Every structure is written in structure tokens, then in C-alpha cells.
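Protein sequences appear in the order of chains A and B. Position one of the first sequence corresponds to residue 1 (this note's numbering), numbered consecutively onward. Position one of the second sequence corresponds to residue 1001 (this note's numbering), numbered consecutively onward.
Treat the hints as calculated values from the structure; they're not laboratory data. These figures come from a predicted structure and were not determined experimentally. The C-beta atom is built at its ideal place from N, Cα and C for all residues, glycine as well. Hints are supplied without guarantee of correctness; some may be wrong.
Straight line, CA to CA, 25 angstroms or less: simulated SDA-like cross-link-like pairs of lysine to any residue [as the list claims (entries may be wrong)]: (1) B:K1362 / A:D194; (2) B:K1283 / B:V1583; (3) B:K1437 / A:K47.
Computed footprint of chain A on chain B, listed as stretches where at least three residues anywhere in the stretch have a Cβ under 8 angstroms from a Cβ of chain A [stated by the list, open to error]: (4) 1054-1063; (5) 1273-1284; (6) 1355-1361; (7) 1379-1391; (8) 1461-1469.
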Amino acid sequence: MTSQTQAVVTDADDGSIDPAAQTQGLGKQAGDIVGFSPGQLMWRRFKRDRTGVLSAFVVIFFFAIAILAPVISKLYGKDPYTLYGQNNSDLLNEFGYPVAPNGGVSSSFWFGIEPGLGRDVFTQLLYGIRTSLFISVAVTLATVTTAILLGITSGYLGGRADYFIGRVSDLLLAFPSQLFFVAFMPIVVAIFVDPQDETPTYLRVTALIAVQWFLGWMGLSRILRGQVLSLREREFIEAAKVTGASSWRIVRRELLPNLVTPILVQATFMLPGFVTAEAGLSFLGVGIIEPTPDWGRMFAKGGDIAQNDITYMFFPGIAMVIFIVAFNLLGDSVRDAFDPKSGR
Amino acid sequence: MTVYMRRTKATLVAVAAGALMLTACSSGGGGTSKNDTKDKQDQNAKQQQSQITFGDAAASTGPAEEVPGAKPGGTLHALERDSYTHLDPGQIYVSNEGQLATLLHRGLTTYKLDSKGKYTVVGDLATDSGKETDAGKTWTYTLKDGVKFEDGTPITSKDIRWSVERLFAPFITNGPAYLQQWLANTAGSDYRKLLPDGPYKGAHLPDSLLQTPDAKTIVFHFPTAQPDTPYLMAMAGYAVVDSAKDTKEKYDKAPVASGPYKIKSFESGKSMTLVKNTNWDPKTDPARHQYVDTFDITFNHQAPDSTKRLMSDAGENQTSLSFANAVDTKSTPTVVGTASIFKRTVSGYQPFVGQINFNMKKITDLQIRKALALAIPTKPVWQALGASYGAEYAGGYISPTLAGYQKSDPLGKVAKPDGDQVAAKKILTDAGKLNTKITYAYINTAAGQEYSVAIADALKKAGFDVQRKDLPSDTYYDLIGKVDNPYDIYASAWGADWPSTLTVIPPVFDGRTIADQAPNYSHVNDPKINSEIDRIKAITDPVKAADEWFKLNAYITTDVIPGVPTVFYKQLQLFGSKVGGVVYNNVTSGIDLTKLFVNQ
């Protein structure tokens, strides 16, 4: 918790438009009257929301295991690439399914063995989560940045720029992103990869991020445009204009702080969306391919073999459900915290 | 025939999520199942290895040997994946259509499968499997008495001549081209010049090629020796067409039947009903029966669908079966592991032999090919096809379904399906070729991705620099079929057209046939193979020829190494509890339809 004085300083830095906060900042000798910035208020409200805090911990946990996957894998003593089941014929039966019950879950294979290739499910899942989260975070950052730039530009400038950006986003909205990716990937491979070489994983990842970014920014951009359109007619913007503030300053100091709420809320909803979209592409066989571990592909395989080894689907499946639910609840809580009047 | 791998359609993620709630835990996969499976398999293999013989007049006389316990009457329901695109004999090449043709069409010869599991090529419309003179160049057939079309008109030599001549017409594009090529003595589609319009504008083949001296006699004069003629005449593509009722293109949807069943109704892509052909005389037919009253066939049943229905064995499913669908690989462990279901299965071979081709144009060093052949594990492929119920480790390129099959394992792949990466690495080290770059093109399906990982992993262990290259499944064969393709190794499969090595080694290994999309995917051009092919083709004694083919197979496998044979394709088929007389026929690669009956 920041001290009162710091709060006031932060307050001013945030360029808050709340006139009450400004007044309180001026009267800092007022003693009992404690002033909070909107950020602090939001944080206080958020902390009171138990579901929100719990989901935040779950989400942080997922990010932590994704980042620490190599460390965990080292401590655990197995990696996601070695074909344990192929190297040791006692682990899988003739159909390629684990001999031991429950998908081969044992003290040495905590989450069991993957049917067929016989890799370790636990490390596969850790690295799979890592792959999916890395891609999704990158896509989210890229789309949010693009949406902010284009949304504010089109809302603030209006006129021709607005028209042009609006039509481009209409056009892009009309593209089905999964189909686009299916069609796009062979072209990328043909252009960048020698036909005798393996398609490098980084190229696939880059292409995945690029396509999802390219076709993913329009929603947030439109929301921001609408917000900016209504904000720019407000008195405080007029006032800033009258005092001779540059457009850049108006955007940065007057508009952006007011857009933090929709941006944060949308981003927390977009990220799980991108996780499932990436999983969906891998599920369809066009995303990340073997042998790179991938959450979505584990899911696809789980569904495929569910008849004979239902256990395999549990780990990626439950992990995915928990993650998506937690992230969406987090998004809800963040929204509620920012704007307590909505949805209550 | 080339196998085009089917791509299973991906279903929704939601389905997978929903299934999570269903069961709490699963039982173990258990070790290798040890029930009566093994006996069934062995028996099947033994049945395979017997020599296929050409039957004489006595063997070709009807009626066919009774199926024990067979009762006439009843309706059988067939659950098929694919609708029949072609019903005109001249257009039939695909195996499921060939299988149906055993009920509808008759040719000069056919395969008789007896109760001991022995296959014989016998005369069908003809009195025997063919009389050979002039060192295999001239083949004479005499028609039986009492053979008729479904409308009661007798089948004469005129119909046989018509059936052969119409194969040269431009609208016949899908059937086999062997007979036409043999008569015209050409390769490719040049044979069409012999009779450009077929018989439709009054032109006919000269007597020097095809002679019909009377209503019952047909004589083929081939320019070169064709000892496989009895096999050829048994292909559905050379079955008889009614010369008086030939409607050309339209015949493909409504053919005139000569076999025990005729088409009552056919809605392409939906359903087909077959009823008894009353003008079929059992006394003329040595191979077929007519126990069932009606066959009710419905289409668009994918393997998981047909398998689940037949496993349930409820209601109408008791009198159901699938002519061509195999048990869904995912269900195989359950089917095999449940005694009550397993007793309702038959299994046998498909004609396909899988191999991993080495591109001979790029990998010219024999030592590298040897190291590749040693290192590549065949087990991942075998497992992907459903273990011992979908595949059998192959030692050579000649399938057990071929006449005179001999078990052999010259590369040691059957004994060591995991491959021998240590020995391979030694060869590479001795040759100073460690870290040779190998571009491994694989089909980008879920199964393809998986087994390619296992194979690439083994090759890396053996000291290769492996580059896995994913190719889209729909254009896979087009891409590897190019002569100047940039890949080093890639998988393919080839199936024989009839049970003789003549339809395997010459198309796949003759260096003079190398062309884009030709089945010589390895681009083998070895002078010894080429000259041996010519020599063995001229041998008229089928037993001796089979023996020579096997010697050539051993030479190709161990001395040329244009690839590594992986598996012989097999399949497991399921039927309802009230379906009787179910036998697997390796020649039509599916359930033998001519012996079925209903247990009421």
C-alpha cells in the first residue's frame, strides 16, 4: 500500500481526470481525509473479491510453471522429447497403449505415458502450456498495441483516417482466421523454407502469432474508437485543446488513462481466447506440429484415444478448463473492480 | 492400386471437453493379449502361403461347395463407407466395387475359395481357367451351357467380344488397362489407337488378336507370352457386358447382372438394394451362392460408426455387417479384448505392402541406404495401423497374398522391428558419412506426425541429420510422385492387382517405367532388375515364375535397397451375430460376399 503522499504523486502522474482527486491532492494537510487514485480504488475493490484473487493466483501459477518448465523438468528428471515407451518395450502394449492402469500413471511418470510414442505426459503438458502461453501472450501484446494505436487514431482524428481504418477492419473481420491460417501456412513454408529442410519451429510460431495478430486486433480497436469518439467531445479535452496541448499530449495524458479500463478488461478476455484459438489450430493439425509439445494437440490426441486411454485426456483437459475459467473470472473481477456499477 | 491415406476429420474440442466428465479412471491397456487371437492369425497366415492354382474343367463345374449350416432366405444389412461410383464392369478397379462385383458380374474366370481356405482360379462363364497354347501367347476359352444375363438371354462369345472391345472406347477410363495393353502390345494409353471408338461404330478387333469362331469359343492371341491370363480374366474389370443392352455411359449406374444378384434400386450416396437374379443358374457357378434374399446396403458409414453399431449387436445390427469397412483402429483393443465380440470377427490381408522409399536419384551411396534400412524402425507404422490386426511386419516387397509366397527376412526387419541404430551408426562411421542430411517427407496427419517422430528419432540416433518435412495429406502422392522431388525418404504403399508378383515388381521396380506419378517412387533403375523382369515375364510355368520373382525380390531388398519394406496391410472385420458364412477373402480383400447367409 502506498502512502498518502505517494498516492497523490501517482495520482498526478496518472493524469487522472477526476476533479475530486485533484482537489484532495491540493488539500493534502486535511489529515483524516484519505485520497485514493482510481487505480488504488480498483486494487482495493479487487482485493475484496475472493474469486478474483483466487483466479489471479491460478493464472499466476500457470504462468509460473510455463516459465519454470525447464527447471521443473530438470528436477523431475524427464524431458518431453524422449520416447520412453519406444525405448523400453515394457511400458506400452502392442497397440501402443500404456500397460499399467490409469494411463501408466506411476511414481516415475506422474501423469502417465503418452500412448503411441511413449513420452512423459507431465513434461509434455508443462512444455505444451509453455508453448501455448508464449504464443498467446505474444499475440495479446501485439493485438492490444495495434488496437490502441489504430483505435485511438481513428477515433481521435476521425474523417478520412477513421473511414479508411474502419473499412480495413471491416475487411479483416470478414476473414475466417482459422481458414486463413490453413491457407497461409503452406505459402509461408514455400517462401521461407528450402524444400529439403525441416520447417523450423520458430517460423511456425512466428506465422501463428502473425496471423492471429493480423486478424485479431479489430474488436478492441472498434471499442476504443467508440470510447475516444465520445471522450473527445468532453469538456476536459476541450479544455486541454484550449490550453494549447498537442494532440500527442491529449492522447497520452487525457485519453489513454480513461481507456485503461476497457483495454485491461478486453485483454484479460482476449488472452484465454487466443489460447483456445491456438489450441484449436493445433487440434486441426495446422498449428504447432510434432515433436514440439503443444497443449491443443494433446487435447486432440486425448479425444482421439479417449476410448482406450481416457486418463490421457484428463491432464491437458482439466488444466485447460481450469486455466480458461480462472482467466475469464479474473477478467470479470478486473472489470468489476474498475467499474463497480457494471454488472452488479 | 495405390493407397490413398484417408484423413480422419477432426471433431470439435467441445466433444473432448465433455468426455472429461464421463469416467473417472481407465483400466490399464494390459500386456499383449493372449487369447485365441494368435491361433486365428497363424491359421490365416498358413492359408495364405498355399499356392494358388489354375483349376481344370472339373474344378470349374458348379454348383459351389455348400457352406456348412447355410440356410436360404432373409435380409442382410450392409454398412458401407463409400458409395459405389462405378458399376459398369469396364470401369471397376477400386477394391470395394470389385468386391460387390462378385455378386453382380461374372467373367471368364473367377476365384474359388474352398472350405479349407485354398484359392483356385476356376472357369466362371468359361468351362475352365483357360487353355494355353503357343507358349502362353494363345488362350482359348469355351463358354458353359446355361449361362444367362438377368433378363434370361444367354451369354455368348459375341458378348465377350463386345465386353473386350468396348474397353477401347473413350468413355472407359477407370478400369484396368492390362488386357488392352497386352492385345495392343503397348504401354500407357497408346492401346486406344487399336480401336479408337470401341465396337460402337462397327469396327472390331481383328481375328489375329481376338477370335470368336462360334457362339461358345473365344480365343485370345497375345503378341507376347502372358502366363497370368487366368488371373487377369478374373478381374471385375473384365467381366461380361450385355452387348444388346449396352447403354455406354449409363451402364455405369444400371448394369445388366450376370451373377446371383441384380440391382433392385440404387440411390448413389444413399442406399442400394440387391435381390436374387432368378436367371442365374447355380449349376453353372463353381464359386457363388444365393442364400440371402435381399442385400440392403446403406452408405456413408465411417469406420467408427459401423464398428460401434456392430459391436453393440442390437436389433437390426445382428443381421448387419460391413463388406469393406475394417474395425476402427481405436476400437481394435476393445474388439480383440472382448471374447463375445472377438468371435464375430474375421481378419485377413489387404493387397498393400508398405515401404519407406529411398530416393535413388539423391541417395546414390549404397552404404547410406543400407544404414537407413537398418536404422528405420517399422514398429511405429505397425502400431499406427492397429498392431497385428492391421499390419504384419514385412520382410520383402511381395505380399503373402501372392501366389507362392515365401517367408523371408533378409534385412532382419521382422526380427527387429525397432531397427538396429547401433549397426547403422557403425556403417555410417566406417563410410565416413556421419551426419548425412536426410530429408524425410511424411504425410501430415495425426498418425503421420507421430510415426515420423519415432522414425526421425531413430535415424538421429543412428547418426543422420534428419529434416522432417510435412506434406499435406491430399497432395502427398502427387508430391512424392514427381521424378525430381527434393526428398530423400518417404513412405508409400502398393497393392497387387491379382495374386501374382507380375503386378508388383515390374510396376514398382522397373527402371524403364520411371515417370512422374509412376509407382516407381524410389526411381530404381538397375540393369539387373530390368533384365530379370524381362526374363521372368517370359516364364510360362507359374510355380517356377513365382520362385524366380522371389529371388529377384531378395536381390532388390538386400543388394539394391531402394527402400525398406515396412508392413503388409491387414484388416479386421466385424459382423452381426446372426450373419453366417463369413469368410475373409484375401483376393477381394474383404469379406467374401458369395458365401453369406442369415441365421434366423
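Here is what the structure says about each hint:
1. Our distance criterion of 25 angstroms between C-alpha atoms is met by K1362 (chain B) and D194 (chain A), whose separation comes to about 16 angstroms.
2. A threshold of 25 angstroms between alpha carbons decides the hint, and for K1283 (chain B) with V1583 (chain B) the separation of about 22 angstroms falls inside it, so the pair holds.
3. Taken as a hint, the K1437 (chain B) and K47 (chain A) pair is broken in the structure, with Cα atoms around 58 angstroms apart against an allowance of 25 angstroms.
4. For the stretch 1054-1063 of chain B, the assignment as covered by chain A is violated, since 0 residues bring a beta-carbon within under 8 angstroms of that chain's beta-carbons and 3 are needed.
5. Coverage of the stretch 1273-1284 of chain B by chain A is violated [criterion: at least 3 residues with CB-CB distance below 8 angstroms; count 0].
6. With 0 residues carrying a beta carbon less than 8 angstroms from a beta carbon of chain A, the stretch 1355-1361 of chain B misses the three-residue requirement, and the given coverage is violated.
7. With 7 residues having a Cβ less than 8 angstroms from any Cβ of chain A, the stretch 1379-1391 of chain B passes the three-residue criterion, so the hint holds.
8. With a threshold of 8 angstroms between beta carbons, the proposed coverage of the stretch 1461-1469 of chain B by chain A holds, since 4 of its residues qualify and at least three are required.
The earlier numbered hints that this structure contradicts are 3, 4, 5 and 6.
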